[in-house]
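Build the full structure now, drawing on both the sequences and the hints.
2 protein chains.
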Amino acid sequence: MNLIDQLRAAVGTANVLTHDDPGADLSPWEQDWRKRVRGKALAVVRPGSTDEVASVVRAVAAARAAGQSVSIVPQGGNTGLVVGGVPDASGTQVLLTLQRMNRVRAIDPANLTITVEAGCVLQNLQKVADDAGFLFPLSLGAEGSCTIGGNLGTNAGGTQVVRYGNTRELCLGLEVVTAQGEIWSGLTGLRKDNTGYDLRDLFIGAEGTLGVVTAATMKLYPRPAAQLTAWAAVPSMDHAVQLLGLAHQHLGAGLTGFEVMGQFALSLVDKHYPQLRVPLWRDTPWCVLLENADSENEQHARAQFETLLERALEQGCVTDAVVAENLSQAKGLWHIRESITMAQAEEGHNIKHDISIPVSRIPTFVAETDALLAREIPGVRMVDFGHLGDGNLHYNVQAPEDADGQAFLRDWEERVNTLVFDQVLRHHGSISAEHGVGELKVHKLPTYKDPTALAMMRSLKRALDPHNLLNPGRVLA
Amino acid sequence: MNLIDQLRAAVGTANVLTHDDPGADLSPWEQDWRKRVRGKALAVVRPGSTDEVASVVRAVAAARAAGQSVSIVPQGGNTGLVVGGVPDASGTQVLLTLQRMNRVRAIDPANLTITVEAGCVLQNLQKVADDAGFLFPLSLGAEGSCTIGGNLGTNAGGTQVVRYGNTRELCLGLEVVTAQGEIWSGLTGLRKDNTGYDLRDLFIGAEGTLGVVTAATMKLYPRPAAQLTAWAAVPSMDHAVQLLGLAHQHLGAGLTGFEVMGQFALSLVDKHYPQLRVPLWRDTPWCVLLENADSENEQHARAQFETLLERALEQGCVTDAVVAENLSQAKGLWHIRESITMAQAEEGHNIKHDISIPVSRIPTFVAETDALLAREIPGVRMVDFGHLGDGNLHYNVQAPEDADGQAFLRDWEERVNTLVFDQVLRHHGSISAEHGVGELKVHKLPTYKDPTALAMMRSLKRALDPHNLLNPGRVLA
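Sequence lines, in order, name chains Y and A.
Counting with the working numbering, you get residues 1 to 477 for the letters of the first sequence.
Counting with the working numbering, you get residues 1 to 477 for the letters of the second sequence.
Heads up, some of the hints might be wrong.
Any copy, or any two copies together, can satisfy a pair, since identical chains are not distinguished.
[Stated by the list, open to error] Straight-line alpha carbon distances no greater than 20 Å define the calculated SDA-like cross-link-like pairs of lysine to any residue that follow:
#  : residue 1 : residue 2
1  : 352       : 274
2  : 271       : 283
3  : 352       : 372
4  : 449       : 182
5  : 449       : 183
6  : 331       : 227
7  : 449       : 173
8  : 444       : 185
9  : 271       : 451
10 : 449       : 404
11 : 449       : 187
Source of the hints: derived by calculation from the structure; they are not laboratory data.
Okay, structure coming up:
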C-alpha cells in the first residue's frame, strides 16, 4: 500500500486531500497567513483523534525509513507569522492539520484546569472558560482563528503576559505524539510535579519539530469582578518605563496589560481609520494603554486606577490620561491598539520585527536604533508599538513617505534586519519574542543565539526526532 | 598529572578536600540532610567561578574518558530530601559544591530581575531583594541554608506557590556548565524569548544530571503593601477545597498561601511545643492557614479577608477563624505550620510522602487512603498537612502510638509507599511534588511514570550527558 493509501486507511478517505483529487483546493493549508510563502503539500491529512495522529506519524516514518523523501508539517489555525506551519514547495510534505481535533475534553473547576484538544480555536476556549465562570487569559489578535495547539507550538504571547505569562506559563500538561508515533500521555492537571525532566516545556515552543501536541491541560483563573482600561499620554519612553514601575507597585497583580504605542503608529490608525477616534496622540510622542483587573468591583478598580494616574501625573511620567467609562469604551481603546497592524499595511509594506529587550534598556535601544535607521534611510518612519510590560516591541520599519514599498522591502529588508538584530544582541535581547523562529528566522539563529545553546538544541532534536521527520528546516536549519 | 592535582590546579589547593588530607572532615558534604545516607567522596571541590566549574568538569570528563571510574555530584546547601546531592559510597565521585559562588551579580529594578550565583543562600537572596524594595517570593523551611542553585536543581516549591509558582516559574535565565565543560551563557532577563527550544526549563528540576547551574536571573515582584495571615477551622477536606475556591474568587492574586493541617499533625505540635499555642485545633478535623498579600494597605487587606471569612462562615466551609493582629502573630501562625515537621520527628519515625493530586480529587484521595492504611495498620496515625492551594500534601504515616518507630519503618515503609503511590497514580497525581527524585525515588519511576516519558528522559540524558558524568543514578537509574 502506498503512503497516500495508508494515510486514507488511517484517517478515512474524506480526510486526506491531494492535488490529484478533482477540484481539491489545498491553498488554505499551503499559503501562510502573511502570504510570504506558498508551499505544495504531498497531502493534507485531517486526523480526528490522537490515535489517528499516531497512525499518520507511523505511516510517514515507515515511508521515510523505506527511502521515500517525506516528512510532516503539523498545523493549527495557520495564523503563524514566521512560516513555521505551511509545507515547503517540494510536494513531499504531509500537512497534518489538527483542526478536526477541537473538543474540550474536561473542565475541573476546583482544580482550575481545562483539558482541550490541540485544534480548539483560542476564542472557543476562552468562551468555554467564561461560560463556566472562569478566565482563560491568553489573548491575541488572531484569537478567532488560531488554535491552542498552535499557541503551544509557538509559545504565543499576546496582551496579558505581564500578569499571566506566555502560553507556556498557562500549560500544566500535554498529550504528544512523538516522532516514533508513540503517544505520551502527559495530561496532568498538577501544579507541582518533580518526577523527572520537564518534557512539557521542551515541546512548548518547539513549533512541531520535536513532536505533535494533540491535547493540553491549561490553567484557569477566577474571572475578575471588574476590568478597567486607561489610555495615557507619556512624554518619553523613559517615562513609559517609569509608569510601568508605578503600575506594578500600585496595582500589583491587578496590572494585566501595558501596551506602548508610538505617535507615528497612532497617526496611521488616525489616517486610515478616522472613525476610531484615537485619543491624546497629537501632542505626545508615546501613548500607553493600561489594563487593571480587579477581584472586588468596578468602584475599587476605578479608585485604584485614579490613584495610580494621579501619582503618575505628579511625577510627570504621564501628561494626560483617560479612563474608559464602560466596557464598550474599553473595547474601543483596545481596538485602536489592535488596528495598528492593519493601518501600517494600508500605508504600504514595512519591515516587521518582534523583539524583546530588558525593560530597563528599552529607552536606550529605541533612541539608538531610531537614530541609526534615520541616518541610514533618510525619511524612514518607525511604527513602534508593543507589549512594554513584557519588554516586547513590534519595532517595524516603514518606507519613507514617497518611497515604493515593494522596492523598499527588496532593497532594505536584509540590511535593516541586520542593523536591528545587532542592536538587539548588544542590549541582551531576543530577535523573536513571541512569534517563533519558523523558516523566516532559522538562518539568523547561528548569528544571534549562543553557540552552546544552539549545539544543545541540535542534540535534543537528534535525540527526539533522529530522522528529522517533523517539520524539518524549521527552528533548526 | 593525576585528577586530584588537576582539580587543585583548577580551583586552588585550599579548595580541594580529600580524605587523605590530615584532619579533613568531609562529612558536611557527604551526609544527607535527613541522615539517611552517608557517602564517601573522592574529593570535595569548591570552585569560585564559572570558569573554574568548567575546568573541573573538563578534568573529570577527561579522567573518565581515560578509563577512570569517576563522576561529579553537584551540591548546593545540602538540604535536599531525596538523596540527590551527596556522593555515593564508592569513593569515586567528585563532590562539586557551589557554596563559594554566592554573589549577587546584578539587580535591575526596572526590569524586575536579579542575577545571582548558584551558591547564594535563599534567605540572602530574599534579603537583597527586600533591601532593594522588592519581593523574591520563593520561601521554604530550609531557606536559611538552601541555595538558589539547589532550588533550581530540584525546582523547589514552598509556601507561596499558589500565587508565584515553583522555582521554575521564577526563573528567566540560566548560566550552565555542560557535561562537556562548556559554558552556556543563558542569563537572559527577558519575559519573552521564542528563539528555539526551552533549555532553561530542561535544566531546572534535572537535579544536576544534565548540567551544572552556576547562575540564574530570577524574577522580582513589587513588595506587597500589607500581608495578612488567617487561621480557620474547617469541618472536612471537602470544605477546605471549597474554601480554596472562595479564596481564589475573593482574593484573586492576593491569595499567596493556602496550607492545610490535619488534627493529629497539630496535636503533635501542641504536645511537643505547647508554648506555640496552636489555635482552634481541638474541635475540628482540619485547620487552614491563609495568607493575603495586598498592594494597597493593611486596612484594605483586612476588609478583604473579613469578607472572605464571613462568606465562608455563611456557607459552612469554615466554623471558626482568627486573623493575625500583627506581623508577630502572623509569624507565630506560620511557625506552628512549620513546626509540624519537627513535632512529628519528636514523636518518632514516620514514613514521609510528598505527593500532589488534582485539588478536586484530594478529599476522595485522603478518605480512601486513610481507610486503606487504617485497615492495613490498626492504630496508624496520619500526619497530614501541606500546600493544599497547589494540590500538594505531605501525607506522612506515623507508627501506632505504642509501636517501635524503627521497627515500623523497617516493616512497613515499602508496603506503605506502594499503597500510597498506587493511590496517587489512580488519582492522576505525582509521587514527588516538590522534593524531586534523587536516589530515593529513582526506582519508583518505572512503575509510576508514563513509559514514553521515561524513554524520552533517557534520550535527553544520553543527548546532553552521553558518558553519564553528572550525578549518575539520580533521576534516572
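Results for each hint:
1. In this homomeric assembly, residue 352 and residue 274 never come within 20 Å of each other (Cα to Cα): the closest approach is 24 Å inside a single copy and 67 Å across copies.
2. In this assembly of identical chains, the alpha carbons of residue 271 and residue 283 lie at most 20 Å apart only when taken from the same copy (16 Å versus 70 Å across copies).
3. When the C-alpha separation of residue 352 and residue 372 is checked against a cutoff of 20 Å, the pair qualifies only within one copy, where the shortest distance is 17 Å, while the shortest distance between copies is 62 Å.
4. Proximity of residue 449 to residue 182 under the C-alpha cut-off of 20 Å is restricted to the inter-copy arrangement: shortest distance 15 Å between copies versus 31 Å within a copy.
5. For the homomeric pair residue 449 and residue 183, the shortest alpha-carbon distance between copies (14 Å) is at most 20 Å, but the shortest distance inside one copy (32 Å) is not.
6. For the identical chains of this complex, residue 331 and residue 227 are intra-copy neighbours only, at 11 Å inside a copy versus 34 Å across copies, given an alpha-carbon limit of 20 Å.
7. In the homo-oligomer, the alpha carbons of residue 449 and residue 173 lie at most 20 Å apart only across protomers (14 Å), although the nearest pairing inside one protomer, at 28 Å, exceeds that limit.
8. In this homomeric assembly, residue 444 and residue 185 come within 20 Å of each other (Cα to Cα) only across copies, at 18 Å, whereas the closest approach inside a single copy is 34 Å.
9. For the identical chains of this complex, residue 271 and residue 451 are neighbours neither inside a copy (45 Å) nor across copies (59 Å), given an alpha-carbon limit of 20 Å.
10. Proximity of residue 449 and residue 404 under a CA criterion of 20 Å is satisfied in neither setting, with 33 Å inside one chain copy and 59 Å between copies.
11. Taking the closest pair of Cα atoms, residue 449 and residue 187 come within 20 Å of each other only across two copies (12 Å); inside a single copy the shortest separation is 32 Å, beyond that limit.
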